[in-house]
Amino acid sequence: DAGVTQSPTHLIKTRGQHVTLRCSPISGHKSVSWYQQVLGQGPQFIFQYYEKEERGRGNFPDRFSARQFPNYSSELNVNALLLGDSALYLCASSPNQGGGNIQYFGAGTRLSVL
Amino acid sequence: AQSVTQLGSHVSVSEGALVLLRCNYSSSVPPYLFWYVQYPNQGLQLLLKYTSAATLVKGINGFEAEFKKSETSFHLTKPSAHMSDAAEYFCAVSDGLSGSARQLTFGSGTQLTVLP
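Chains as they are written, first to last, in our numbering: chain A, 1 to 114; chain B, 1 to 116.
Calculated directly from the structure, the hints in this document are not laboratory data. Any given hint could be a false lead.
Just the calculated beta-carbon pair ranges, DEER-fashion [unchecked claim]:
| hint | chain 1 | residue 1 | chain 2 | residue 2 | range |
| --- | --- | --- | --- | --- | --- |
| 1 | B | 14 | A | 51 | 22 to 32 Å |
| 2 | B | 84 | A | 20 | 28 to 38 Å |
| 3 | A | 63 | B | 111 | 29 to 39 Å |
| 4 | A | 16 | B | 116 | 22 to 32 Å |
A few chain A residues that face chain B, going by a derived Cβ cut-off under 7 Å, partial list only [to be verified]:
| hint | residue |
| --- | --- |
| 5 | 39 |
| 6 | 41 |
| 7 | 43 |
| 8 | 45 |
| 9 | 56 |
| 10 | 87 |
| 11 | 90 |
| 12 | 95 |
| 13 | 105 |
| 14 | 106 |
| 15 | 107 |
| 16 | 108 |
Selected chain A positions facing chain B (in silico; Cβ < 10 Å) [unchecked claim]:
| hint | residue |
| --- | --- |
| 17 | 7 |
| 18 | 30 |
| 19 | 35 |
| 20 | 42 |
| 21 | 58 |
| 22 | 61 |
| 23 | 104 |
| 24 | 113 |
Even for Gly, the Cβ is constructed at its ideal location relative to N, Cα and C.
All chains should be modelled from the sequences, with the hints used to inform the complete structure.
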C-alpha cells in the first residue's frame with residue numbers, strides 16, 4: 001500500500017511569493033496534519049484537518065492556510081513568503097483525529113526561500 | 001499545555017553498546033507518548049507508542065521505552081547499537097483529551113551517532 005505522498009519534493013521560491021504544497025494520505029485515512037520542521041529542530045504543528053474541516057491550528061500567522069478535499073488529500077498554502085519560512089514541511093495522516101492515533105508521515109517538501 | 005524535553009542533542013555510542021535516549025514530558029492529563037526516527041532526507045517513522053496499556057513498550061528494530069509517571073519520563077533504549085541506528089530521534093506527546101489532542105508536540109531531537 002502506498003504511504004503518505006507529498007509533492008513537490010523540493011521547491012525554491014523568492015521572498016514575497018506564494019507556494020502550494022500537496023499531500024495525499026494513506027488510503028482510508030481521513031485526518032491530515034501539517035508540520036513545519038526548521039533545520040535542527042523538531043517538527044512544529046501547523047494544522048489538522050478531519051473530514052474536510054479544520055480541527056486544530058498551531059501558532060502560525062494567517063499567511064499559512066490549508067484545505068482538505070473530498071478525497072481527503074490536502075494542500076498547504078503560504079503567502080508572502082519570508083526567509084524564515086525555509087523548512088521541511090511534513091504531512092501526516094491518521095485514520096481519525098484521536099490523540100492516540102498513530103500519525104504516518106510523508107517524506108516532506110523542502111522549501112527554500114531566497 | 002504539553003511539552004517535551006530531550007536531554008542531549010547529540011549522543012555517540014560504539015557499535016554493540018547500549019543506546020539510551022532521554023525524554024521528559026509535561027502534560028496536564030495522561031499522555032500518549034511516541035518515539036519517531038528520521039533518517040537523512042526522509043520523513044518520520046514511528047518506533048513505538050505508549051497508550052497506557054503497559055509501561056514497558058516494545059517497538060521496531062529492537063527499541064523499547066519505559067513510561068515512568070513519577071519521573072515524567074519516557075526514555076528510549078536498545079541493548080546493542082547497530083550502525084544502521086544512526087539517525088535523529090524525536091520524542092513526541094499528545095494528550096488525547098483536550099483541544100490539543102489532535103496535534104503532536106515534539107522535542108528538539110537527539111542525533112545518534114554509532115561508532116565502529
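Task: Unsatisfied constraints (hint numbers, rising) - done: Violated hints (numbers, rising): 1, 4, 5, 10, 12, 17, 18, 22, 24; every other hint is consistent with the structure.
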